[in-house]
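A.B. asks: Could you build all of it, start to finish, from the sequences and the hints given here?
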Amino acid sequence: MNWDLPSTGVVFKSVRKLNPVQFFNLNVLDLFVLITLGRGFFDKRVKPILLHSHTRPLTQLKFNKEGDLLFSSGKDISWHVWRTSNGEKLGSYDGHSGSVWCVDISADTTLAVSGSGDTTCKVWDTEKGTIIHNLTASTPVRTVNFKNDKHIITITTDATMGKPCEILTYDLRDENSLKDGIKFFRTDSQPLNSNNKVTAAIYVAYDDLYLTSHLNGEVTQWRAATGEKLRSSCVHTNQINSIQKSTDEDFIVTASKDTTAKLLDVWLLEVVKEYKTPQAVNSASLSSLEDHVLLGGGQDSHEVTTTDTRSGKFVCRFYHKIYESEIGRVKGHFGPVNTVAFHPDGRSFASGGEDGLIRYHYFDDSYFNFKFSY
Amino acid sequence: MPVAEEVKSSWADEVELEGGSLPPPTEVLDNSLKVITEYSYNEDDKKTKIVRTYKIEKRVVSKSIALRKTWKKFGESANDKPGPNPATTIVAEDVYMQYITSKEEDNKQEDEGLDKLKALGDKNVVKCRTCSGDHWTSKCPWKDTMLAGGKVPDDKKGPAVGGPSTGTETSKPGGSKYIPPSMREGAAKRTDNLSMARRDDATAIRITNLSESTTETDLEDLVKPFGPIQKLYLAKDKQAGYCKGFAYIHFKFRNDAAKAIAMLNGHGYDHLILTVDWSKPHPN
Chain A
25 MNWDLPSTGV VFKSVRKLNP VQFFNLNVLD LFVLITLGRG FFDKRVKPIL LHSHTRPLTQ
85 LKFNKEGDLL FSSGKDISWH VWRTSNGEKL GSYDGHSGSV WCVDISADTT LAVSGSGDTT
145 CKVWDTEKGT IIHNLTASTP VRTVNFKNDK HIITITTDAT MGKPCEILTY DLRDENSLKD
205 GIKFFRTDSQ PLNSNNKVTA AIYVAYDDLY LTSHLNGEVT QWRAATGEKL RSSCVHTNQI
265 NSIQKSTDED FIVTASKDTT AKLLDVWLLE VVKEYKTPQA VNSASLSSLE DHVLLGGGQD
325 SHEVTTTDTR SGKFVCRFYH KIYESEIGRV KGHFGPVNTV AFHPDGRSFA SGGEDGLIRY
385 HYFDDSYFNF KFSY
Chain B
13 MPVAEEVKSS WADEVELEGG SLPPPTEVLD NSLKVITEYS YNEDDKKTKI VRTYKIEKRV
73 VSKSIALRKT WKKFGESAND KPGPNPATTI VAEDVYMQYI TSKEEDNKQE DEGLDKLKAL
133 GDKNVVKCRT CSGDHWTSKC PWKDTMLAGG KVPDDKKGPA VGGPSTGTET SKPGGSKYIP
193 PSMREGAAKR TDNLSMARRD DATAIRITNL SESTTETDLE DLVKPFGPIQ KLYLAKDKQA
253 GYCKGFAYIH FKFRNDAAKA IAMLNGHGYD HLILTVDWSK PHPN
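Residue numbers (our numbering), protein chains in the order written: chain A, 25 to 398; chain B, 13 to 296.
Among the hints, erroneous ones may be present.
[Said to hold, decoys possible] Some chain A residues close to chain B (C-beta under 7 Å, calculated; not the full set):
1) K71
2) H76
3) E112
4) E151
5) I351
6) G352
Hints are computed from structural coordinates only; laboratory data are not their basis.
Even glycine gets a Cβ: it sits at the ideal position worked out from N, Cα and C.
C.D. replies: Right, here's the structure in full:
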C-alpha cells in the first residue's frame with residue numbers, strides 16, 4: 025500500500041494503533057470510593073502503596089489490558105489480583121502446590137493462566153478465582169502466554185528430571201489438546217538445546233511471532249501460526265531474565281544477567297538500544313507514554329545477606345529509551361527487584377522484589393515535567 | 013449502573029464496638045469528602061475518636077472496567093470488607109524519584125582528572141609533602157614508596173619522618189592543594205615566633221617530685237626569689253585538682269633559671285626531695 029499522496033504533499037509515515045480501551049463507549053459513570061489509609065493520600069505527591077500478601081519473592085507482575093487490575097505471582101503457592109485504583113486486594117488464586125513462576129491474562133480479562141513449579145498450568149476464572157482447566161506438564165512450567173484470542177495457551181517447561189525443555193500449546197476449545205498439549209513448535213524436528221532452556225517467552229507483532237529467550241542470552245523467533253523457527257540471535261552474553269514488549273508490539277526489551285537491558289526489533293532481532301547498569305537486570309518494562317525504560321535488578325539473592333542495602337543497589341532505574349542514559353531511580357525495596365511493570369497508561373508502575381513486597385507508585389508532576397537534557 | 017459498595021468500618025473496630033457502650037460511628041457526606049467518625053477503646057482502655065476523611069472521586073471508565081468494579085472479593089480476601097484491607101494494602105513512606113543529571117559523569121571526570129595529574133608526574137603535581145613522592149601526603153612516611161616507583165630522594169628519608177615542618181618544598185603551589193597557614197607565604201613572622209618560642213624553652217625548667225598538695229601559689233613562692241617569671245605551669249589532675257607531681261617554669265632570663273636549678277635540685281620541699289632540670293636537654 026502506498027501512503028504517499030503527492031497531490032497534497034502529505035505523507036503518512038505511521039498509523040497510530042489505538043489502545044483497545046479507546047474503542048469502548050465511555051458513557052458509564054462509575055462511582056467508587058477512593059480509600060485512604062492516612063491523610064497523605066490527598067497530598068499532591070502520592071505516596072507509594074505497599075501490597076503485602078506474598079510471603080516469598082515475587083516472580084511476575086502483570087497488568088491487564090486496561091490496567092485496572094494488577095496480577096502478581098510469587099514463589100508462594102497462591103497468587104493475587106489487586107485493584108490499581110486504590111491498591112485494594114481483590115482476591116487470590118489458590119490451588120497450586122509450588123512456586124508460581126508466571127501468569128498471563130487474556131485480553132478481555134475473563135481468563136487468567138498461571139504456570140507453576142508443581143508442573144501444572146492452571147486456567148482460572150479471573151472474576152471468581154476458580155480453576156477452569158488444570159493442564160499437567162512433565163516438568164515445571166516456566167512461561168505461559170495467551171494468544172490474544174484467549175483460546176490458545178502456549179507454555180514452556182524447564183529441562184529438569186531428565187526431561188527436555190518443551191514448548192507446548194493448548195487449545196481451550198479442543199478437549200484432546202488439553203490432555204497432553206500439542207507440540208506446536210514441532211520441537212522434534214527443530215529440537216531445542218536441552219542445556220539452553222527457555223527463560224522467557226512472549227507473543228509479539230499481534231500474534232504473528234513468538235519469541236523465546238534462553239539461558240545463554242539467545243533470542244529465538246518462531247512463526248506463531250506454524251511453529252517454524254525463523255531466526256535466532258545471541259544478543260546477550262548471559263541468561264535473559266525477562267522480555268516485555270512495547271505497546272505497538274514492534275519492539276521488545278530484554279533484561280539480562282549480563283547487567284544490560286536491550287531494546288530489540290522483533291522482526292530482525294537486531295539490537296536497537298542498549299541500557300547498561302551496574303548489576304544484573306531482572307526485569308525491564310517500556311512506558312507507553314514517555315520514552316522511558318524501567319529496569320529492576322540487583323545482585324543475586326544468595327549474595328544479598330553479605331552486602332548492605334546501599335551497596336546492593338536495590339533500585340528501580342529509569343533510562344531514556346533513545347539516549348540510553350539513566351534519568352532517575354526510585355528506592356524502596358529491601359532486596360533485589362525481581363519484576364517491574366509499567367501501567368498500560370504509563371502513569372504509574374509496580375515493582376516486586378525478593379522481599380515479597382509489591383510497591384505501586386503513581387508518578388507525580390515532577391516526572392511528567394522532567395525534561396531530558398543531553 | 014454498577015455501583016461499588018460503600019466503605020464501612022473495618023472489622024477490627026466492629027469487634028471492639030461489641031463490648032463497650034460507645035457512640036455509634038457516624039458518616040457525613042460533604043460534596044467530594046466523606047468523613048467517618050468512629051469511637052473505640054485504645055490499649056489503655058481510654059475512649060478514642062477516630063476521624064477518617066475520604067475523598068470520593070468520580071471517574072469515567074469503560075464499561076468493562078466498571079463491570080469489574082462490582083466483582084466480589086474472593087480467595088483469601090473473600091471475607092475482607094470493601095475497600096483496601098490495611099493488612100495487605102499499606103501506604104508506604106514517601107519515596108522521591110531521584111533524577112540523575114550529570115552527577116555520576118562528574119565523578120568520572122574527577123577520576124580522569126586525577127589520572128591526568130598523575131600522567132604529569134614529572135612536574136610533581138601529585139606530590140607528598142613529607143617525602144615528595146608520587147602520592148598525596150595522608151600520613152605519609154613513604155606511604156607506598158616502593159609501589160610509587162621509589163622516587164624518594166635519599167637526603168629526605170631520614171629527617172622527613174618528623175612531619176611536614178622540616179622542608180620548604182611544601183611551599184610549591186599545588187593548585188588547590190591545602191597548605192597549612194604556617195606554611196603559606198608571608199608566614200615568615202610566624203617562624204620567627206617559633207624560634208622565639210624555642211628560645212623561651214631555653215629558659216624553662218622542669219621541677220619533678222612535687223607533693224600532691226602543692227599549689228600554684230606555693231610554686232610561685234618557691235621560684236620567685238630567683239628572678240622574674242614568664243610563665244608557670246603546674247600539672248594538675250583535671251578532676252580532683254591535686255598536683256600530679258611536676259611543673260614547668262619559664263623564667264625571663266636564662267641565668268635565673270640556671271640559678272634555680274642549682275639551688276632547688278635536691279632541695280627538700282614538703283617532705284619530698286625535688287628534682288629540677290632544664291625542661292629540654294640543653295645542647296651544651
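A.B. asks: It remains to establish, for every hint, whether it holds in the given structure.
C.D. replies: Right, here's what the structure says about each hint:
Hint status for A/K71: holds, given a least beta-carbon distance of 5 Å to chain B, under 7 Å. Contact between A/H76 and chain B, as hinted, is supported at the beta carbon level, the nearest pair being about 6 Å apart and thus within 7 Å. Evaluation of the A/E112 hint against chain B yields a held restraint, the C-beta minimum of about 4 Å falling below 7 Å. Annotation: interface hint on A/E151 holds; nearest CB of chain B at approximately 5 Å, less than 7 Å.
Given hint, A/I351 at the interface with chain B, holds; its Cβ is 6 Å from that chain's nearest Cβ, closer than 7 Å. Here the hint on A/G352 is kept, as its CB sits about 5 Å from the closest CB of chain B, short of 7 Å.
Consistency with the previously given hints is maintained throughout, with no hint failing.
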